[in-house]
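Chain A is fixed; fit chain B onto it per the hints.
There are 2 protein chains.
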Amino acid sequence: MTKVPQLTPPRRTLLGPGPSDVAPSVLRVLAQPTLGHLDPVFLEIMDQIRSMLRTAFQTKNPLSFPMSGTGSAGMETCLVNLIEPGDRVLVGVCGVFGTRMVEVAKRAGAEVVAVEGEWGRALDPEAFRTAAAGREFKLLCTVHAETSTGVSQPVAPLRAIADELGALLLLDCVTSLGGTPLHLDDWGVDAVYSGTQKCLSCPPGLAPVSFSSRAQEALAARTHPVQSWYLDLSLVGSYWGTDRAYHHTAPINMLYGLHEALRLVLDEGLEARWQRHALHGRALVAGLEAMGLAPIVPEAERLPQLTAVRIPDGVDDARVRRHLLEQFDLEIGGGLGPMKGQAWRIGLMGTGSCRKNVSLCLAALASALGAEGFRPRGDALAAAAEVYAG
Amino acid sequence: MTKVPQLTPPRRTLLGPGPSDVAPSVLRVLAQPTLGHLDPVFLEIMDQIRSMLRTAFQTKNPLSFPMSGTGSAGMETCLVNLIEPGDRVLVGVCGVFGTRMVEVAKRAGAEVVAVEGEWGRALDPEAFRTAAAGREFKLLCTVHAETSTGVSQPVAPLRAIADELGALLLLDCVTSLGGTPLHLDDWGVDAVYSGTQKCLSCPPGLAPVSFSSRAQEALAARTHPVQSWYLDLSLVGSYWGTDRAYHHTAPINMLYGLHEALRLVLDEGLEARWQRHALHGRALVAGLEAMGLAPIVPEAERLPQLTAVRIPDGVDDARVRRHLLEQFDLEIGGGLGPMKGQAWRIGLMGTGSCRKNVSLCLAALASALGAEGFRPRGDALAAAAEVYAG
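For the protein sequence lines, the chains are A and B, in the order given. 760 is the number that my numbering gives to position 164 of the first sequence; each next residue is one higher, with no gaps. 846 is the number that my numbering gives to position 250 of the second sequence; each next residue is one higher, with no gaps.
Same shape as in the complex, but just chain A:
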């Protein structure tokens, strides 16, 4: 085998759907010396992570900690712990991640009823009631921020419906945590999972989760063992709780990264951070529209941290993204599922949500589209500047 050289990854600007740009201090702490997973200093770090996570989620839930896997492992954690074979589960589907919840819930033995909606639109709460058709459900699941389309799903109205169905309310907050308002306790959310590589600006690898006391009661009342040993909350919770019982060896250095990422979130303040994401998202859309690119999601349902735009006719998706990467070290995302080749997804997440990146993205896109023969309708940078001028 040829000798492999030490790696020297280029410094990209990551404006795709995640991983997002990582804050420099988060990268630095990753390289701090590894501690044992039962070291008293590390146990203190764990407690600080739990406490900061509760603030970020706006909850008092004691059962709040990061699972040792990516956001998808967080989804599986919630579903396999809350579902027992034969449980009825209602899932809102208007993108890849709703579809995935259906798949994972089925593998956990649930009888799934999907509430299908148009991709690129939020789901009508009434559609959940209709699909439920008066039956009782164990869980009502929906995606708060659909990473495949950039749609924001209003959550509060779903609580009333979950109550009618006798259901726990489960939320996918992979792309919302740290980017847009999230109030677990006020909204009455029972279970939630997220990821580190979106608006927390930490590399991928951990899945923050949180469970209400009602969800904890459901866990305690289980009559079947959780099918996953690795993701079994009663075991993982013993390590993160006061027992400190060894379960698996925690991903120490990744947890350093999450600690620092959460610290930056709270240092900035949640409100300020949400407003920052809102501002730069608006500026980006103004620029894109000025160029003549059409956002897919109507304004009221749009996530500021992730914008899906339609690829203009005659423009080659792959060629544009290669141009951005090769000429500008800039990554944006392609479409997923039915939107493959039809849309780009541009993320302004966490530390990456800033004026510099909005300008870079608009300038680079103008260059790439120019190479495709696409003529921008107007001045994108001026349109963005107008948003900043208020």
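Think of the hints as simulated: they come from the structure by calculation, not from any bench. All values reported here derive from a predicted model rather than from experimental measurement. Take the hints with a grain of salt, since some may be wrong.
For identical chains, the list gives no copy identity; a pair is met inside one copy or between any two copies.
Unchecked claim - When the alpha-carbon atoms are kept at most 30 Å apart in a straight line, the in silico DSSO-like pairs for lysine-lysine are as follows:
#: 1; residue 1: Lys599; residue 2: Lys656
#: 2; residue 1: Lys952; residue 2: Lys599
#: 3; residue 1: Lys952; residue 2: Lys936
#: 4; residue 1: Lys952; residue 2: Lys702
#: 5; residue 1: Lys702; residue 2: Lys936
#: 6; residue 1: Lys656; residue 2: Lys952
#: 7; residue 1: Lys656; residue 2: Lys936
The following block gives chain B in isolation, referenced to the frame of chain A:
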């Protein structure tokens, strides 16, 4: 909430059962800029990881890559992918990790037959044959390097028995990979999982796995979906293979770490690395025995990278380990399961397997034991030096 300061973990010497000391260049690459999970540069890094992993495992298996979780996720990956409900599985148990395999296999729906043996001893291959009692089995599972006791299990004899039972041979190599000889193809191993935080000297967080063509046929012949979507090899394999199909967002920076860790393993050479572990393990045991501490595992069955010693009567386990940590920034491990409070586990793994650490460990232990009123029988450092003198 009180403001949380940026973390500054102390620099410990990690001589427990893992995480082990991390090589400085591995820590450094963790802090390299994050790439997108479909970036062409990252795809090349993935290919290099797969190729280096095959060499480290001594296999040609195309299906060799790291799963996005810790070693325990690797165990679950192997079991949930290879087991279908009702499959009969034979598991060797002489420590915590064999016990855990039984538990995980049961949760995957297997009918498990455990081959129980004494903790601290290798299992007699004949015991597998006896327990099988002439029945057919889907899987024969055993732990190659039992992290709870420091026992090395001879694997080659188990292949013949697996053949008699019509079984695939599954191996836990969490603690052996990169530390002691491992020859997947020569030994006829069908499935294997490992971790990064032992003899690879990388932080915890990834689980290298590998599957033979026979195991791949079993995967392809499944009639039930794999119960875990996150760990489903047909999906994860599509991303690591030529399809590059998005499944979950790979833990980019942790994979940088594994890349560098594997590079260091191959740079040193497998034979040289195995010999290094053997040498320092022998020196440590010589020193411990000279002090009057008794290794738990007989010499022929002992892992050089992990030594379990009996805690002398009248010596307080927790107090000694606190002394080591507070006075020497040195971590060793306590006993697990029935060995809790009865044994210490001292790891000399990966970059941590060196003469400096052997001396530090013996000197620090002498200090801690002295504080307990324990009088060493003889000169530990001199005994270790004799081993080094050949």
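Hints, verified against the model:
For a Cα distance limit of 30 Å, the shortest separation of Lys599 from Lys656 across copies, 18 Å, qualifies, whereas the shortest one inside one copy, 52 Å, does not. Proximity of Lys952 to Lys599 under the C-alpha cut-off of 30 Å is restricted to the inter-copy arrangement: shortest distance 29 Å between copies versus 39 Å within a copy. Taking the shortest alpha-carbon separations for Lys952 and Lys936, only the intra-copy value of 28 Å comes in at or below 30 Å, while the best inter-copy value is 56 Å. Proximity of Lys952 and Lys702 under a CA criterion of 30 Å is satisfied in neither setting, with 44 Å inside one chain copy and 54 Å between copies.
Taking the shortest Cα distances, Lys702 and Lys936 sit within 30 Å of each other inside one copy (25 Å), while across copies they are farther apart (40 Å). For the identical chains of this complex, Lys656 and Lys952 are neighbours neither inside a copy (36 Å) nor across copies (47 Å), given an alpha-carbon limit of 30 Å. Neither within a single protomer nor between protomers do Lys656 and Lys936 lie at most 30 Å apart by alpha-carbon distance, with minima of 40 Å and 35 Å respectively.
Checked against the numbered hints above, the structure breaks hints 4, 6 and 7 and satisfies the rest.
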